[in-house]
Each structure stands twice: as C-alpha cells, then as structure tokens.
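**Q** Residue strings, one per chain:
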Amino acid sequence: MTTDVQRKSPFKANIVARMGWLLLACYVVYALNALDFTWTRFIDGLGNGADFLSEMIPPNFERWKLLVENLIETIEIAVIASVFGVGLSLPIGMCAARNLMPEWVTWPARTVIAVCRSFHPVIFAILFVKAVGFGPLAGILTLIFLSIGFIGKLFAEAIEEISLKPVEAMKAAGAPFLSVLIFAVLPQVFNRFIGFATYQFDANLRNSTMVGIVGAGGIGGTLFAAFQRFDYDFLAAILISIVALIMLSEIISVKIKAIFND
Amino acid sequence: MSVENTIKGNGATRSLLIENLEKEYVKGKPVLKGLSFEVSGEETVGIIGPSGTGKSTLLRCINRLIEPTKGSITVAGQDITKCSGKDLRMARRHIGMVFQEYNLVERLSVIENVLCGRLGYIPVWRAWLRKFDQADINRAFQLIEHVGLGEFATQRADSLSGGQRQRVGIARAMMQSPDVIMADEPTSSLDPKTSVEIMELLKKVSSTEHIPVLINIHDVNLAKRFCDRIIGMSKGKIIFDGTPSELKDSHLSEIYGGEDWLS
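Quick mapping for you: the protein sequence lines, in order, are chains A and B. Using the numbering used here, the first residue of the first sequence is number 1, and each one after it goes up by one. Using the numbering used here, the first residue of the second sequence is number 1, and each one after it goes up by one.
Simulated from the structure, these hints should not be mistaken for lab results. Note that the structure is predicted; figures quoted are calculated from it, not measured. Quick reminder that beta carbons are idealized off the backbone N, C-alpha and C, glycines included. Careful, some of the hints might be misleading.
[Stated by the list, open to error] Okay, the calculated beta carbon distance ranges per label pair: (1) A:L22 <-> B:P50: 44 to 50 Å; (2) B:T154 <-> A:E161: 24 to 30 Å; (3) A:A114 <-> B:W261: 27 to 33 Å.
[Said to hold, decoys possible] Below 25 Å or equal to it, Euclidean Cα-Cα: the simulated SDA-like pairs (lysine to any residue) are: (4) A:K165 <-> B:F37; (5) A:K257 <-> B:E106; (6) B:K204 <-> B:K86; (7) B:K86 <-> A:D233.
[Said to hold, decoys possible] Just so you have them, the derived chain B footprint on chain A, three or more residues with Cβ under 8 Å: (8) 29-43; (9) 197-204.
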C-alpha cells in the first residue's frame, strides 16, 4: 500500500460563498461608517437612555381610567378584527389552495392575499385613516386586511399539504364538493387553523396598540401623546399595561390551543 | 332489523357490465385495450395481473375517478360513461370502493368515517350541521358491529390497526348501499392473517348485500381461495376469465410472464 497519493479534502471549498461572506463583511464596515455609527456615539446614546429610563420611574398610574378605557378599545379592535379577519381568510385561503381548486379560482384568491401582504401595518393604517377617517374603524379595517394576508396564506398552504386520499374516497362515494370539504378537508387542517387563529389574535392585539399612533384608535394614540408631552412616567404605565395585556393573551391562547389540540 | 333489509340502491338489476373499455393516458398508448366482461349476482371476482397492467385504472374507470377513453360501463342498468355533473355523483353513490390505504379521515371517529359513505345522499347543509338521518346513524352502528368493530365505534381512525381500518373502509362502502363494491388491493398493506380476514369479510359482504364484489389483488392464492371467479389481466387485456379451478400454471405464466417463480 502506498500513501503517496494526497487525498483531496472531503470538504470542498466554495470560492463563491467565501467571496460572498467577505463582501458582506466589507459592506457592514462601510455602512457603519456611512451612518456615523461610532463607539462614542453609542456611549452618548447610552447616557441619553439612562436619563430617559430614570424619568420613567416610578410609572404613573394616576390616569388609570384613561388607560383602562384605551385598553378596552384596543381589545375591542383586536377581537373584532380577528373575528372578521380570520372568518374571511377561511374561505379565501380555501379558494387559494391549488390542490382543491381550479386555477381560475386560486388566481384571484392568491391576488387578494398578496395585496393584503404587500403593505406594512402602518401603511395600511394610514391608508384607512385617510379613507374612513380617524378612529377605531380604520384600525379594525387595517387588522382585518393584515389577518387575511397572514392566515389566508398559511391556511392555503396547510390545505395544500393534506392527504387527498379521503377526498378521493368521498368523491367516489358521490359526496358533493362542499360536503367533501367539511368531512375530508377541514378535519385535517382544523388543528393548525386554530393555531394560526390564536397566533393572529396575538398579533392583532400587538398591532392594535400600534395603529393608534397614526390615529386609528386604541391605546397607541395615548401612547404617542405621552411621548410628545415628555410624560415619561405615564408612558411607562402604558408600556407596562401593554406588556401585561400581551402576556394575558398569550396565556389565553395557550389554553385555547390545549382545548383543540388532540 | 338485519343489515340487508334496510335502504337499498336504485333497485334495478344489481350488476356491472363493461363493454370494449379503453383507456389511453397518452394518445396512442392504451393502458386498457378493449376490456369486456359482466359481473352480476353475488359474485366475488378477483382481478389479478402484474403491476402496471391497468387493474387500478380499470376500477377507477368504473366510478370515473379516471375518465375512460372509449367503451361503456353499465352499473345497475345505467350507463356511467354518459353521466356528468350531478348525474355522475348520483351514479357514484351506488358504487362502493375500498382502497389499499383505507383512505379514512384519520382525525374522525370510526362512526364518522362510516357515515361519510352517506354524504352523497344528504344535502350539503345537513353535512355541515352533521345532521344525519337517524336511520343512517342506526345503520352505521349496525355495519360497524357487522364488520366486528362494535367497541371501537367512537374511537378515532388513527388509533386503529391496519386491518381494523380496512374494516372501517368496508363499512363505509357498505354504507352507500351500493350495487357493486370494488376493492383496490384491499390486502396489500396487511399481514397474511389479516388479509385472510379481510377477504372473508368482503365475501360475506357480497352475500349479505346480494351484490357483486370486484377485488384487485396481487396474492394469487388468496384470490383462488376466496373468489368465485378470476379475471387475469396482462398488458391491458383480459387473458383469463374463469373459475379458480380452471386457473392453471400455464395461465399464470402467461399473465405474469416467465415460470421460474411458479413452483
């Protein structure tokens, strides 16, 4: 046995990938310089942050009535938007599933979903404030569109992953299409749908605290006003309430999922 | 109330007549080349033949899950090939089908799966409200008892073994009150003992429901043991049609090719 033949390394060097990493590193350094992101600037920022934090403590819950009112409006926006948004995304998502529907149905449904997904919630909120005026209605519409974009897409994908075997069996038994849907398709995706819906409710709750910033109702408006008036102790109270609200909804959604998960 | 004197099919002669059936997936390359045969009474017919010879295509042409290219298929006096839309749905209700991989809804219970066989008979709104006729519900429970799964009626399908699932599949097909039942490789996913039990059950179904049963099957010995009649297919043609005792090694070597495996 000779060992003079040098075996090739088992791991092939990928020149293109290495060049790519190098380029990325160079660009990050360049961008940091371009944005004047320096260490001194960072330390300055930290000092500023410390001032800001010290003014937030202790949180001021004196205007708790306003706070509660706002929170209730926020929850209302989230609940209404979730009910309609999730409700609408069921049929839209179903129409978008390419394994069940012909192309002339999936195409429009996919377009609707794509449009709903194309804008950031803030842009939707501004559009709807301009369209229907200030107040919760604009926030609700924003979140409905967001929900359709998100759940519609996930739901369509979930349906595309089902087993078509029971569908075949029911077709063979002469079942009408809508009966096939309820008995062969829905049982296979219901679980995941509940998961998506509770996740979306969570997301809607978080987003409904934001839409107020552009005047679309909810606690965001008060939050923004507190910022502008340098009311940092009240601001802290608002932030704490939002955290509490989100945690509460997290607990509730875990419970809901536990009920339907088997 | 016994199983057989409940709701029946459309009452006409419960038979299946196939004439000159042809199927081409690709033009000019027929998979089924002019098949003709008739099945009636309480006959159990085993269809044997090598993989890829069109046995599954044949069964799926009968209920038009696959469109036949030419020929006619008559079930209980009605030409299936001339049906479309709602008529086709109505016709399919009278053709029960049992699948190799059971095709149950895993997340539904046994009784729900069996009731699915009734979906062709009830309007959509009733399906959505899950409001089945009491007669159907009673029959479903009877059928579950009949196939030997009485104590599993409310269990979920995914908790059952292969043989139990196939029993559910058979009960679902019976739930359609069919004029003919077709089974596509019903035993291919099962162990030998369970396979025998499933074949026994299919035979029993044929006699209690007074309907013919068509069974695609790979196991020649099982076919010879349980079927009244064997149809041997090769390359899209029927090359044997007779009783199991008439089926000789020479036929088998013609159907499957070669003879070394026969011994």
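**Q** Would you mind confirming whether the straight-line C-alpha gap from B:K86 to A:D233 stays at or under 25 Å?
**A** Roughly 69 Å separates the two Cα atoms, so the pair is violated.
**Q** If I claimed the Cβ atoms of B:T154 and A:E161 lie 24 to 30 Å apart, would that claim hold in this structure?
**A** Cβ of B:T154 to Cβ of A:E161: about 28 Å, so the range 24 to 30 Å holds.
**Q** Range first: 44 to 50 Å. Now tell me if the beta carbons of A:L22 and B:P50 are that far apart.
**A** At roughly 59 Å between Cβ atoms, B:P50 and A:L22 fall outside 44 to 50 Å, so the hint is violated.
**Q** Quick one: see if chain B covers the segment 29-43 of chain A, three-plus residues with Cβ-Cβ under 8 Å.
**A** violated (count 0)
**Q** Need the status of pair B:K204, B:K86: alpha-carbon distance at most 25 Å?
**A** Violated, because 32 Å separates the two Cα atoms, which is more than 25 Å.
**Q** Please test the hint of 27 to 33 Å on the beta carbon pair from A:A114 and B:W261.
**A** 57 Å, violated
**Q** Would you mind confirming whether the straight-line C-alpha gap from A:K165 to B:F37 stays at or under 25 Å?
**A** 28 Å, violated
**Q** With a cut-off of 8 Å between beta carbons, are at least three residues of the segment 197-204 of chain A near chain B?
**A** Per the Cβ count (0), the hint is violated.
**Q** Between A:K257 and B:E106, does the CA-CA distance stay at or below 25 Å?
**A** With Cα atoms ~20 Å apart, A:K257 and B:E106 stay inside 25 Å; holds.
When held up to the earlier numbered hints, the structure conflicts with 1, 3, 4, 6, 7, 8, 9 and fits the remainder.
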